[in-house]
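**Student:** Below are the chains, spelled out letter by letter.
Number of protein chains: 2
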Amino acid sequence: MNIPVRRGKDVKAGRGTALRCKGWRQEAILRMLENNLENGEAPDNLVIYMSIARAARDWKSFDRIVATLTTMREDQTLVMQSGKPIGVFPGQATTPLVIMANGNIVGDWSGEESRRKLDDMGLTVYPGMTAAAWQYIGSQGILQGTYETFMSVGRQHFGGTLAGRLLLTSGCGGMSGAQPLAGKLAGASTLVVEVDQVRIDRRIASGYCDATTDDLDDAIARWLAARDARQPLALALCANSAAVLPELARRGIVPDVVTDQTYPDPLKGYVPAELSVAQARAMRQEDPAKLMALARQSVATHLRAILGFMDRGAIAFEYGNSLRAEARAAGVEDAFRMRSFVDLYIRPLFCQGMGPFRWIALSGDPQDIYTVDDMILDTFSSNHPISSWIRLAREHVKFTGLPARIGWLGYGERSRLALLVNEAVANGKISAPIAFTRDHLDSGSAALPHRETENMKDGSDAIADWPILNALLNCSSGADLVAIHGLGGRGVSAGLTIVADGNPDTAERLKRVLDGDPGIGVLRHADAGYDIAIEQAGRFGLSETIPPGLSE
Amino acid sequence: MNIPVRRGKDVKAGRGTALRCKGWRQEAILRMLENNLENGEAPDNLVIYMSIARAARDWKSFDRIVATLTTMREDQTLVMQSGKPIGVFPGQATTPLVIMANGNIVGDWSGEESRRKLDDMGLTVYPGMTAAAWQYIGSQGILQGTYETFMSVGRQHFGGTLAGRLLLTSGCGGMSGAQPLAGKLAGASTLVVEVDQVRIDRRIASGYCDATTDDLDDAIARWLAARDARQPLALALCANSAAVLPELARRGIVPDVVTDQTYPDPLKGYVPAELSVAQARAMRQEDPAKLMALARQSVATHLRAILGFMDRGAIAFEYGNSLRAEARAAGVEDAFRMRSFVDLYIRPLFCQGMGPFRWIALSGDPQDIYTVDDMILDTFSSNHPISSWIRLAREHVKFTGLPARIGWLGYGERSRLALLVNEAVANGKISAPIAFTRDHLDSGSAALPHRETENMKDGSDAIADWPILNALLNCSSGADLVAIHGLGGRGVSAGLTIVADGNPDTAERLKRVLDGDPGIGVLRHADAGYDIAIEQAGRFGLSETIPPGLSE
Ligand SMILES: NC(=O)c1ccc[n+]([C@@H]2O[C@H](COP(=O)([O-])OP(=O)(O)OC[C@H]3O[C@@H](n4cnc5c(N)ncnc54)[C@H](O)[C@@H]3O)[C@@H](O)[C@H]2O)c1
Ligand SMILES: NC(=O)c1ccc[n+]([C@@H]2O[C@H](COP(=O)([O-])OP(=O)(O)OC[C@H]3O[C@@H](n4cnc5c(N)ncnc54)[C@H](O)[C@@H]3O)[C@@H](O)[C@H]2O)c1
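Chains as they are written, first to last, in full-length UniProt numbering: chain A, 1 to 552; chain B, 1 to 552.
Check before you lean on any hint, since a few could be wrong.
Copies of the same chain are indistinguishable here, so a pair counts whether it falls within one copy or spans any two.
Claimed, not checked - For lysine-lysine, the following BS3-like pairs were computed, each having C-alpha atoms within a straight-line distance of at most 25 Å:
| id | residue 1 | residue 2 |
| --- | --- | --- |
| 1 | K9 | K60 |
| 2 | K117 | K457 |
| 3 | K457 | K60 |
| 4 | K398 | K9 |
| 5 | K117 | K60 |
| 6 | K22 | K429 |
Hints are computed from structural coordinates only; laboratory data are not their basis.
The following block holds chain A by itself, in its conformation from the complex (with noise of 0.2 Å):
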């Protein structure tokens, strides 16, 4: 057989019905590997994101990959210690084809500088959420993330949507300039302070921002006006947030929906109000504790003016960049006033199973997804969250790769949605197998006491074994890869891919592994005590299946 192997920045995931496996789950877990290379950063060192997050150990461990997915049977079990492949055993057909940890290290020595000495060795991986557990799909996840979060607070807050009321929130750069456009699709109207015109620039050149100025009389004009207007608008002001937000203050306008996205590190990222970008950039090399003090102190101004938007009525929450520990460690005792994205609306999701799930279309082919967008629009109503998601991704997210989508489905609607596609497959509606997996922050998947398991209703935040415990019976149930990551000293988390080849043997492992993955998400939060949880634990018969026990 004739492999087409491409390396670095060659890599392109196979597309098409010609297989070059033994079968379609091996050949589908192969072209998830390639996909990831073709949407990584830096593919010829193996680097899909955040700089160090990898997809191998090195070459010759993908090389030896790729020979042993073409290869390998599919009752055989492929292991894969941090990016590199260490035996084939003898498995079962219905249970997975791979395995993985990537990245896990003795806790007394997960620490940074331990962990990057163990990974010059050449004996471990960063191994990120999804990079190396072959799961990256591009950046479609951070605006569909951002979106759901806006989402999430509309419903909340807002009778079910952001039309007709001003969001403010700052940063337009990597993952937070996903902010207007999802913003905008949320209905808000959508002011995002950026310090930077050529981060500005780029996001209104992908269409992801709709205007910009650096006049801030203009900006509140155009602010208010689709306010009122019900208007969605995606709107970009170049200005310093430790300024621009004071101010607003000053002048009376409290918006309904504050929030930050800077990379608030006083030396690495924020800027402080005094500088220019180029003359903080300047100082960073010059005088590096000038640049800290200043910057801690824009830091404190800007999040002690959120803090005072709460006060007055305000929706505001931190958003995953860890403003509120540096404004704490720049003197604002307070700062944990504010609550987290996570905590206050992603965790609701959470207690019903809900998260990121997405599918990938294994042929290349964009209609195939078109083909599973409408059988979501069919299947789910159309309150449900995810149909004006997938209307709003049909028009809006561009496909990268394999074409791919996420949408946030909660236990019973994955399995049901899966067995779906896998008839569609089968009845060649759908013209090949479609992967389907999910973020590894997910329900039941994660544990990481700073961002997911923050502030759980029992202090449960750093329990490691709930993500373990989902690989498991992910393992158990049959999907046809499983991974368990260990991020430094920071968190474990586990990920899942399962395939549906249209094989009517499949169905009942589609529904075994997606009932179960969004089911142990749903027990891990009824066990930390949250009301929702317990309640769909109930509807869905999951809190009846250990038997009471005897007495007390």
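Based on the hints, put chain B with the ligands in the right spot on chain A.
**Tutor:** Just chain B with the ligands, lined up with the frame of chain A:
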């Protein structure tokens, strides 16, 4: 069905052939849990050993576990989080009945203080290795492990036997008290120095020690005489090691093998040479600082004497008790010139997939174990390490709880035995199913940089991917119970249990699981660069499972 529920001190493992569960696999797991408690240290508190390692979160959890095991089907999976049953999910009849994650905590939160806090909050348990995985079978493991170490020393340095050799060690307490008998069983003339006569008397009573004296001249005479006569001996000298060892050196007596199993903690364990046991105990309250200083001095003297023997040709090794670290803290800069027992004597066995395999007669009938003993003597050559052990064990090991046997078997051998046993269960030669399990301290199932994985050839001591992969593989290949344990910030381990129920279909699963489990251990050591493991992986065909890949 009438379930005899017993709690606390009363828990006894079910025996005989009547089932309380829907199948033997479930019944086996239930009996293992009960047997765990039957052998436990403080069953009233669910404590199995080490004062803190527990079998279940609390009695309510225990009751719910029992209720679940007695009602679940074999195609279901019970999910256990740190000793608490969380839910029962649809599974497959050929994958685990029980999956467990116990005591796993995110790295930065896994230190002792934080771990204890989470334990106090009722969110985790300290699982030990076998305690929370329902695999403890009493103290047989200590005797057998110590014996195996001494035998390995004999094979590596003395042509296969310690007969006619002087073995010197210290400590005759809880675990250390296995040393005199183990040394004697290994053929050596064994002298154990123990400062506390009470401890010695206890071991004389239990048959672990032949004789005791507090006269050094007498001890030396008997020790040397037994050596000269090639007569195995287990003699305890009541004295302080920090005084005895330098005195032996002064007299020019050099043991062939020297180690130590005192508890070298200068405050909680080690008795300084200047003090009696009673004085040391009193000083612990009255002047801990002084006790600490004295004990440190003695620990240093003790280790320096051992290093002196080493320089004069003795085989010296640390036996898992942190003597070197304590001595270094006391100023012995070159303490780590001496290596550890795992590194020197156990790792070569791990490289062959050999480790503390064990089997339990679920009938409760000792005859079933004797039948397995006979199968082993028939099946494995008489110079296989296990053969001499089985003969000795039959004579010296008293059963506690369900009759059980430990025996070190390697890759291929474990499955060979299990298939024979499964047949014997089927044809009634064995009266009821046999459960197979092992210590977590096994070839591929532990990452403990201070013990099991100390000083790995490639520096991979702290890489925790391996036990996790071990568990995922056992899960996908179909063990009946799989567990991943976090041991504070110090380690990660994995355990499995699988039942030979006599069903012909079980044979395939037994073969797959009991080859895969040590198989991944062999590959873990081959990956770290150990020649024996590389050679074994080749011999077993494990190294050819990954195709070489393409070019470099
Ligand atoms: N789901 C999540 O938790 C999530 C999602 C996205 C981003 N984040 C976090 O958000 C942060 C930003 O990520 P990024 O990739 O966009 O980083 P980035 O550095 O690319 O972007 C940050 C932007 O903030 C701008 N900025 C800095 N100081 C400013 C100031 N005083 N006023 C206005 N603008 C200022 C910078 O010019 C830059 O464009 C990170 O900490 C990231 O982890 C979290
Ligand atoms: N496989 C292993 O790694 C392994 C196996 C067994 C024990 N150990 C280690 O060995 C140590 C001892 O375990 P234990 O359960 O026997 O503890 P223990 O406290 O019950 O026994 C230690 C004994 O040492 C004696 N002792 C103290 N100071 C002495 C001195 N100066 N001279 C002579 N005797 C002295 C004490 O009186 C006591 O009886 C522990 O650190 C344990 O972890 C390791």
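**Student:** Each hint: holds or not?
**Tutor:** Evaluated hints:
{"no.": "1", "hint": "K9 x K60", "result": "within (16 Å within a copy, 57 Å between copies)"}
{"no.": "2", "hint": "K117 x K457", "result": "between (36 Å within a copy, 16 Å between copies)"}
{"no.": "3", "hint": "K457 x K60", "result": "between (46 Å within a copy, 21 Å between copies)"}
{"no.": "4", "hint": "K398 x K9", "result": "within (20 Å within a copy, 66 Å between copies)"}
{"no.": "5", "hint": "K117 x K60", "result": "within (21 Å within a copy, 44 Å between copies)"}
{"no.": "6", "hint": "K22 x K429", "result": "within (23 Å within a copy, 43 Å between copies)"}
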